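Residue numbers (the working numbering), protein chains in the order written: chain A, 1 to 190; chain B, 1 to 482.
Be a bit skeptical, because a hint or two may be false.
The calculated label-pair distances, taken between Cβ atoms and stated as ranges, are [as the list claims (entries may be wrong)]: (1) Lys473(B) to Pro143(A): 33 to 39 angstroms; (2) Ala263(B) to Gly12(A): 34 to 40 angstroms; (3) Glu478(B) to Asn188(A): 38 to 44 angstroms; (4) Ile403(B) to Pro62(A): 51 to 57 angstroms; (5) Pro143(A) to Val19(B): 23 to 29 angstroms; (6) Leu78(B) to Glu168(A): 31 to 37 angstroms; (7) Lys86(A) to Leu83(B): 54 to 60 angstroms; (8) Asn32(A) to Leu78(B): 20 to 26 angstroms; (9) Leu259(B) to Pro143(A): 39 to 45 angstroms; (10) Asp2(B) to Pro143(A): 53 to 59 angstroms; (11) Trp388(B) to Ser39(A): 55 to 61 angstroms.
Beyond 12 angstroms from chain B on every Cβ pair, some chain A residues (computed) [said to hold, decoys possible]: (12) Asp63; (13) Glu87; (14) Asp88; (15) Pro140; (16) Ile147; (17) Ser158; (18) Ala163; (19) Val169.
Note that these hints are calculated values from the structure, not bench results. Since this is a predicted model, take the numbers as computed values, not measurements. Heads up, the beta-carbon is just placed ideally off N, CA and C, and yes, glycines get one too.
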Amino acid sequence: MTDMILAIVKRGRARDLMKAAREAGAGGGTVNYARGTASSTILAALGIADSRREVLRIFAGPDESRKIAGRMEKSGIKGSLAICGKEDGMENWTLVEVICEEGFGEEVMAVARRAGATGGTVVSAHGTSTEDDVKFFGSPLVPEKEIVMMVLENDVASAVVQAVEGLEVLKQKGRAVLFTLPVKHFANLA
Amino acid sequence: MDLLKQFREVSLSVMPIAVLALVLSLLLGVMDFGEAMSFVLSCLLVIAGLTVFLTGVDIGIMPVGSRIGAALTRSRSLSVMLLASLLLGFIFTIPEPDVQVLATQVSQAGGGVPSTLLIAAIALGVGVFFAISIARTILSWPMKLVLAVSYIIIFILAFFCDDFFVSVAFDSGGATTGPLSVPFIMALGMGVANLRKHNDEAEFGYVALSSTGPVLAVLVLALVFGGDASAAAAGAQTAAPGLGQLFVSKLSEVGLSLLPMVAVVIVCQLFFLRLPRMEILRVASGIVYAYVGIVVFFTGVEYSFSDVARELGGALMSLHPVCLCIAGFLFGVCVVLAEPAVLVLTEQVETASSGRISRKTMLATLALGVGLAVVLALVRTVMGFSIWYLLLPGYGLIFICMIWTPGLFSSIAFDSGGVATGPMSSTFLLPLAMGAAAGNEAMGSAASFGMIAMIAMMPILLTELLGIVYRFKTSKAEARND
Chain A
1 MTDMILAIVK RGRARDLMKA AREAGAGGGT VNYARGTASS TILAALGIAD SRREVLRIFA
61 GPDESRKIAG RMEKSGIKGS LAICGKEDGM ENWTLVEVIC EEGFGEEVMA VARRAGATGG
121 TVVSAHGTST EDDVKFFGSP LVPEKEIVMM VLENDVASAV VQAVEGLEVL KQKGRAVLFT
181 LPVKHFANLA
Chain B
1 MDLLKQFREV SLSVMPIAVL ALVLSLLLGV MDFGEAMSFV LSCLLVIAGL TVFLTGVDIG
61 IMPVGSRIGA ALTRSRSLSV MLLASLLLGF IFTIPEPDVQ VLATQVSQAG GGVPSTLLIA
121 AIALGVGVFF AISIARTILS WPMKLVLAVS YIIIFILAFF CDDFFVSVAF DSGGATTGPL
181 SVPFIMALGM GVANLRKHND EAEFGYVALS STGPVLAVLV LALVFGGDAS AAAAGAQTAA
241 PGLGQLFVSK LSEVGLSLLP MVAVVIVCQL FFLRLPRMEI LRVASGIVYA YVGIVVFFTG
301 VEYSFSDVAR ELGGALMSLH PVCLCIAGFL FGVCVVLAEP AVLVLTEQVE TASSGRISRK
361 TMLATLALGV GLAVVLALVR TVMGFSIWYL LLPGYGLIFI CMIWTPGLFS SIAFDSGGVA
421 TGPMSSTFLL PLAMGAAAGN EAMGSAASFG MIAMIAMMPI LLTELLGIVY RFKTSKAEAR
481 ND
C-alpha cells in the first residue's frame, strides 16, 4: 500500500519543504498552484482572505511516509500536512474532494462551512475530452473545473459530505463529483 | 488576496520612486516642506490605491474576463467571437483616461486632427486588433508572423508621415492599454486560450496586438489628413486642483471607464454566464475594489507626482544633462516597479509558466528596459534628433532577436511593452521629459512626445533577450538530462 503525503503551504515554500522531505528519503514530489479559501463566508464573499498556496504531493510506503512527514513537520515551514492512507484505528480524518464546474467552488465551501469545515484549498483543473466531443478549429471544448479539497475530522467530514451531496445546484449546473480518502495522520505545520 | 501581504508587496514597489524623488528634490532644493508633505501624501495614496486595486483585479476582473472568454469559445462560432472582441476592444478604449489625455494634448498641439476623431481611430484600432489576436489563437497563426506583418505595414506607413505623427502614433499604442482594460483583455484572451491547452504561446499576446492596432490607426489617420504638424505650443498650465476636487473628478472619470465593463459583465451574467451567487458576490466586490483602488491611485499620482516630476526635470536639466540621464534611468527603473498593469502581468507570467519565469526576473527585466528607454528618450529631448534614429534600430533589433526568441517570449515581450506604459509612466516620466524639454526651445514640447513610445519599445527588446537566455538554459538542462 502506498501512502500519499499531502502538504499545503504558502506559494513559493514547496521547494524548501521538498528539500526537507528529500533529507528523509523522499524520491520526488509534484507541486501545483492552488488557492486557499477564507475562514468565513463573509470574508469569502468580500474576497479579501484568499491566500496563494502550493500543494505538494509525495508518494511513499507506509513506514517511510511517517518518517518523511516527521521531517517535514520539523522544517519550520507553515502550512498543513496530511498522510492519506489506510491504517486501522488511525484513520481519524478524511480528505474530501469535490470536483465541480468552475465558479462553483465557493458555493461548495459555503455549504461546507455551514456543516463545520473551517477551510479548504481550491485547485484549477479541466475536464478531459472523448472522441465524440465537439471540436472547435481542431481543439475539443473541455469544461473548466475546480477541485475543492478539505481535510476534516471524520464526523465533520460526514456532515460536509451530506451537505454537499444535498446541494441541488451542484447536481444540475455544477455537475459535481465528490469522493473521500482516508487520512491516517494530520498536522498543522509550524 | 491576502490584503496584508499585498500591501507589503506594493509598499516595496512604490518605496524606490518615493525615496528617490524625495531625496533628489530636497538635494536640488526643488521642494519646500509643504510640497514634500504633499508628495508623501501622494505616495501613501498610491500605495493604498494600488493595494486595493490589485485585490479587486484578482478576485473580480480576472475571473470574469476569463469566464467571458471561455463562454465565447463555447459559442463555437468564429464570427461571434471576432465581433464580440472587436466591440469589447472598442468600448473599453474610449473612456481610457490616458487616451483622452493624449488626444487633448495632440489636438492642442496642432496638426488639424480633432480629438474625438483621434479617440475613435484609436478605439477602432484596438478593437480590430483585439479581434485579430483572438483569431490568432483560434486559427493557430504564429505570433511572430502576425507581429512581423503588422509592424512591416506600420513602418511602411510611418515612412510617409511627419515625425510628429510618428511619435504620436507610437505614443497612442502605449497609451491605450491601461490599468483597467489590460487585466480584462488579458483575462479574456486567456479564457479563449484554454482552447489551446498545450500551447503556452496562446496565453499571451492579446495586449501586445491590441496596442499595435492604434499605432496603425493613427498613422492611417495622419496620412488621410495629410499630416503636416505645425510647431507645437506647450499645453497651458492649469491651476493645480485641490486634493478633494481631484478625488471627485477622478471618481467620475474612472467611473466612466468602468461603466462599459460593468455593463458587459451584467449582460454576460444575465444571458450566458449564470455564475452562482457566491461567485457573483466576489466578482462584484472585486470590481468595487478595482474602482475605488484606481480612483485613489490616480488621485495620488496626479496630486503631486506630475508637478514634482516636471520641476525635477527642469532642475536636473539645468544642473547637467548627464545628471538628467542618470536620474532618468533610475526613475525609469523605479516607476515601472509601481505600474499597476506590470504587477498584473508578472503574476500572470509566473502562473502561466508554472514558476519557471519568476516575478522578480520579469520585473527586473522590465525595470531595466524602462530605465534604458527613459535615458534614450531624454537624450533625444536634449539633443533634439528625430525619433526615427531610435525607432528604426530599436525595432530592427527586436525583429532580429525574434528569430531566436521562443514564441512564448515574443508574445510576453510585446505584452510587456503595452503594459509598461501606464499611469505611473505618463504622470511621472512624461512630465520629467517635458520639464527638461522646456529648456530646449527649438523643439518645444513636441520633443517630449515619444517618451511613451520608447517605454513601450525597450521592454520588448529586453524580454526577448530574456527569452533567448531562457531558451539557451533550458536546452542546456535538457542536454544534461539526456
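These are the hints, each one checked on the structure:
{"no.": "1", "hint": "Lys473(B) to Pro143(A): 33 to 39 angstroms", "in the structure": "holds, 36 angstroms"}
{"no.": "2", "hint": "Ala263(B) to Gly12(A): 34 to 40 angstroms", "in the structure": "holds, 38 angstroms"}
{"no.": "3", "hint": "Glu478(B) to Asn188(A): 38 to 44 angstroms", "in the structure": "holds, 39 angstroms"}
{"no.": "4", "hint": "Ile403(B) to Pro62(A): 51 to 57 angstroms", "in the structure": "holds, 54 angstroms"}
{"no.": "5", "hint": "Pro143(A) to Val19(B): 23 to 29 angstroms", "in the structure": "violated, 49 angstroms"}
{"no.": "6", "hint": "Leu78(B) to Glu168(A): 31 to 37 angstroms", "in the structure": "holds, 36 angstroms"}
{"no.": "7", "hint": "Lys86(A) to Leu83(B): 54 to 60 angstroms", "in the structure": "holds, 56 angstroms"}
{"no.": "8", "hint": "Asn32(A) to Leu78(B): 20 to 26 angstroms", "in the structure": "violated, 33 angstroms"}
{"no.": "9", "hint": "Leu259(B) to Pro143(A): 39 to 45 angstroms", "in the structure": "violated, 31 angstroms"}
{"no.": "10", "hint": "Asp2(B) to Pro143(A): 53 to 59 angstroms", "in the structure": "violated, 29 angstroms"}
{"no.": "11", "hint": "Trp388(B) to Ser39(A): 55 to 61 angstroms", "in the structure": "holds, 59 angstroms"}
{"no.": "12", "hint": "Asp63", "in the structure": "holds, 31 angstroms"}
{"no.": "13", "hint": "Glu87", "in the structure": "holds, 33 angstroms"}
{"no.": "14", "hint": "Asp88", "in the structure": "holds, 39 angstroms"}
{"no.": "15", "hint": "Pro140", "in the structure": "violated, 9 angstroms"}
{"no.": "16", "hint": "Ile147", "in the structure": "holds, 16 angstroms"}
{"no.": "17", "hint": "Ser158", "in the structure": "holds, 23 angstroms"}
{"no.": "18", "hint": "Ala163", "in the structure": "holds, 15 angstroms"}
{"no.": "19", "hint": "Val169", "in the structure": "violated, 6 angstroms"}
Violated hints, listed in ascending order, are 5, 8, 9, 10, 15, 19; each of the other numbered hints is respected by the structure.
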